[in-house]
Amino acid sequence: MAKRSLPPKSLAIPKAATGITGLDEITGGGFPAGRPTLLSGSAGAGKTMLATEFLIRGAMEYGEPGVFVMFEENSEELTANVRSLGFDLKKLVAQKLLVLDHVHIERSEIEETGEYDLEGLFIRLGHAIDSIGAKRVVLDTLEALFAGLPTHAILRAELRRLFRWLKERGITALVTGETGENSLTRYGLEEYVADCVITLDHRVNGQISTRRLRVVKYRGSAHGTNEYPFLIGERGISVLPITSLRLDHHAPTERVSTGIAGLDEMLGGKGVFRGASVLVSGAPGTGKSSIGASFVDAACRRGERAILFAYEESAEQILRNMRSIGMDLAPWIKKGLLQIHASRPTLQGLEQHLLSMHEAVSSFQPKVVTVDPISNLVLSRSEEEVKPTLMRLIDHLKQEQITTVFTSLTTGSGSASPEDSQVGVSSLMDTWLLLRNHEQNGERNRTIYVLKARGMSHSNQVREFLLNDDGISLVDVYLGEEGVLTGSSRTAQEAKEKAAGQRQRQDHARRLRQFEVRRKAIESQIASLQAELESGVAELDFSVAEEASRIDTARQNSADMAVRRGGGARPAPGPETKGKR
Amino acid sequence: MKDSKASSKSGSNATVPAYQLRLYVAGQTAKSLTAFQNLKRICETHLAGQYRIELIDLLKTPQLAAGDQILAVPTLVRRLPEPIKKIIGDLSNEERVLVGLDVQPIQD
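Sequence order for the protein chains is U and B. Using this note's numbering, you'd call the opening residue of the first sequence number 316 and step up by one each time. Using this note's numbering, you'd call the opening residue of the second sequence number 1237 and step up by one each time.
For reference, chain B alone in the conformation it holds in the complex:
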């Protein structure tokens, strides 16, 4: 696993964030960057403090595609909480993303 960015408000590493998210991309394409940007924004807005994002570049580690059955790219996999949910696309449709992640939107 390469670039692992953990973002958590509280500095304690003991608490495991509720949402474990993995974003599969294939290299630095426009779609990948867009997806990552969107993901960060959505998480900050609605899951502040409870998430952890892993970024997996399939060009570097192709064998990982089989484990999570990745076909489309970019794919966001919600590994925790169970059940596993997959969201494909660059995540520009925020509503859909939230439905997919099963997250209650925080009304601002």
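The shape of chain U in the complex, shown without the other chains:
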């Protein structure tokens, strides 16, 4: 199994892992160890948060205590701010894993009266580092020095000295700076911190804000060069990298039931592949959410965990609606097999949504995920923007072999073919189920067909599907002379056929009976003729015998008479002359 791995250590420079989700992947292992890294960004972009998390994780997870030199906030403020990320700075300070040093520079207090240097800062920093054996230092933000100290020439010289000093001691430093008009930082910090530069961006696009991160430069290491969206969430920062730049995820052959027997049959008899991505699209009211929920229900029945991401209805509403078709999801939630995450699509940008999904999936480890619907999320975006981000999510899910169902609303069933509106997204999907409402004879009935199912033979039939109190079921659609019949026309037709069939059977039975009767009649005729024949034969025999006897008697009589008349006269030769007396 080809392992997707970071570049082997011997080839790349040593790195200090950040422990921040996704950042280590982008930077190929973390920030350069023993060297300074510049973190630039506009106000509120998240620099301090990232720097803090870098230190905290370094101390807690990698055994590298750190010093946080803050020039703007004080330690109380910082502690309060990062508590929202779930980090307890006070505890870390008490455990001597972290030192928070607030350096306050008040311009009005300072009067310059001659030559000086910043040895005081060095001493303070050195003291803090030595007190806990720190290997990481954050300077947030050095630009306060520029604002506080009047002579920048001295300051710049000292900064150069500072970074040399840090490098000599093998400290991995993280320096924050605000983005300048034309340069990476307002005061040109990038001159001194040239080994690794990362920018954070916080922009608003169509009323929705997205945060992005980009590795501008990284000397001595390969790195992801794109902009990556990131999220400041409840457990720190998460960056969403494209986890598979190569398409090398596995293709499991196990099949997973959709929860609807008829649908499983349409899909080669067994359902979809595990790890497949399924798109269920259709006009409003066609039953997409029900199918999505059915997948999830089936997974829970198998004892697997599942997550349902809902972007239109609340969790309660979904439970109620599914109960009406006989699907009770509440017990699965109680058992801890199902999680329903409902949120408004306009709450955050598409990338942030995907990141939250990412996080939820990583922490809950489900086997089946349903996103219902995905069309809301991609509302204000063009296809070029949506596709890469969706691709990231799908890639990640495939890597984990999680079967995913996306429902998508298509506009109307009339004018444009529903297939057109989904072309971009559909190429990422392995299986595409199209739901359509079929209108005829004054009623609309639901139909479903499998537009594509990669890797398996699937039915090309349009089938009607019913949602009623005991669940979802699929029925064969009737193809009559007028075309496809669904709903009550179908039931009418079926009834007609049934009646016709019955009549035919009755006819047949009747004919059989008739034939039987005739056969009996003929047989009896034969019997009587036979009897006649026999009697005729008997009579004939009798006649023949009688005639013979008569001839015999006549001769006898004649002979007798001849004898009586007295001899001489010879009897007339008769045929019995031979015969003696």
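No lab work stands behind these hints, which were simulated from the structure alone. For glycine and all other residues, C-beta sits at the position ideal for the given N, C-alpha and C. Treat the hints with care, as some may be off.
[Said to hold, decoys possible] In silico DSS-like cross-links for lysine-lysine, where the CA-CA straight-line distance does not exceed 27 Å:
#, chain 1, residue 1, chain 2, residue 2
1, U, Lys702, U, Lys649
2, B, Lys1276, U, Lys411
3, B, Lys1296, U, Lys482
4, U, Lys650, U, Lys682
5, U, Lys650, U, Lys702
6, U, Lys767, U, Lys702
[Unchecked claim] What follows is a list of derived Cβ distance ranges for each label pair:
#, chain 1, residue 1, chain 2, residue 2, range
7, B, Val1252, U, Ser399, 45 to 53 Å
8, U, Arg476, B, Ile1320, 53 to 61 Å
9, B, Ala1254, U, Tyr377, 22 to 30 Å
10, B, Asp1304, U, Gly448, 22 to 30 Å
11, B, Leu1295, U, Lys482, 19 to 27 Å
12, B, Gln1264, U, Tyr377, 38 to 46 Å
13, U, Gly448, B, Gln1264, 52 to 60 Å
14, B, Ile1320, U, Glu483, 45 to 53 Å
15, B, Asp1304, U, Glu496, 30 to 38 Å
16, B, Leu1295, U, Gly401, 58 to 66 Å
17, U, Leu400, B, Asp1304, 27 to 35 Å
18, U, Ser399, B, Asp1338, 42 to 50 Å
19, U, Ser399, B, Glu1318, 22 to 30 Å
Given chain U's structure and the hints, the job is docking chain B onto it.
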């Protein structure tokens, strides 16, 4: 606190000098020595009898740098009278020092 040199005309230790000054240095560098020399001279000239200088060597006691927020060296901190004033540099610019200490120069 190491070398504490108190200089007061009157020998009474009961009077607390009006000006409490602390000079932070980092070892015996040229700048530190210059600063100290300058400071002594300025104080003798303009604050005779009313000052007290403390010399703090940060190389020996680094933890004290945090208390007074010392970044630059040498730094002169006027602790009394309030408010606290900080003057950075080797104190060669006498005018600036006096402005910084908020001391009226004594015209000789």
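Does 22 to 30 Å hold as the CB distance between Ala1254/B and Tyr377/U, or does it fail? violated (54 Å)
With 22 to 30 Å as the target window, see if Ser399/U and Glu1318/B comply at their CB atoms. For Ser399/U and Glu1318/B the Cβ distance comes to about 38 Å; the hint is violated.
Does the beta carbon distance between Ser399/U and Asp1338/B stay inside 42 to 50 Å, or does it fall outside? holds (44 Å)
Agreement of Lys1296/B and Lys482/U with the hint, judged by alpha carbon distance not exceeding 27 Å: holds (24 Å)
Pairwise hint evaluation, Lys649/U against Lys702/U, where the allowed Cα distance is 27 Å at most: Judged against 27 Å, a Cα distance of about 35 Å means the pair is violated.
Do Asp1304/B and Glu496/U keep their Cβ atoms within the hinted range of 30 to 38 Å? holds (36 Å)
Lys767/U paired with Lys702/U [C-alpha distance capped at 27 Å]: holds (19 Å)
I want to verify a distance hint. Is the separation of the beta carbons of Gly448/U and Gln1264/B within 52 to 60 Å? violated (29 Å)
Are the Cα positions of Lys650/U and Lys682/U separated by 27 Å at most? holds (16 Å)
Cβ-Cβ distance between Leu1295/B and Gly401/U: within 58 to 66 Å? violated (40 Å)
27 Å Cα cutoff - pair Lys1276/B, Lys411/U: violated (41 Å)
Quick check: does the Cβ-Cβ distance between Val1252/B and Ser399/U fall within 45 to 53 Å? Given a distance of about 48 Å, which is inside 45 to 53 Å, the answer is holds.
In this structure, the hints that do not hold are numbers 1, 2, 5, 8, 9, 13, 14, 16, 19, in rising order.
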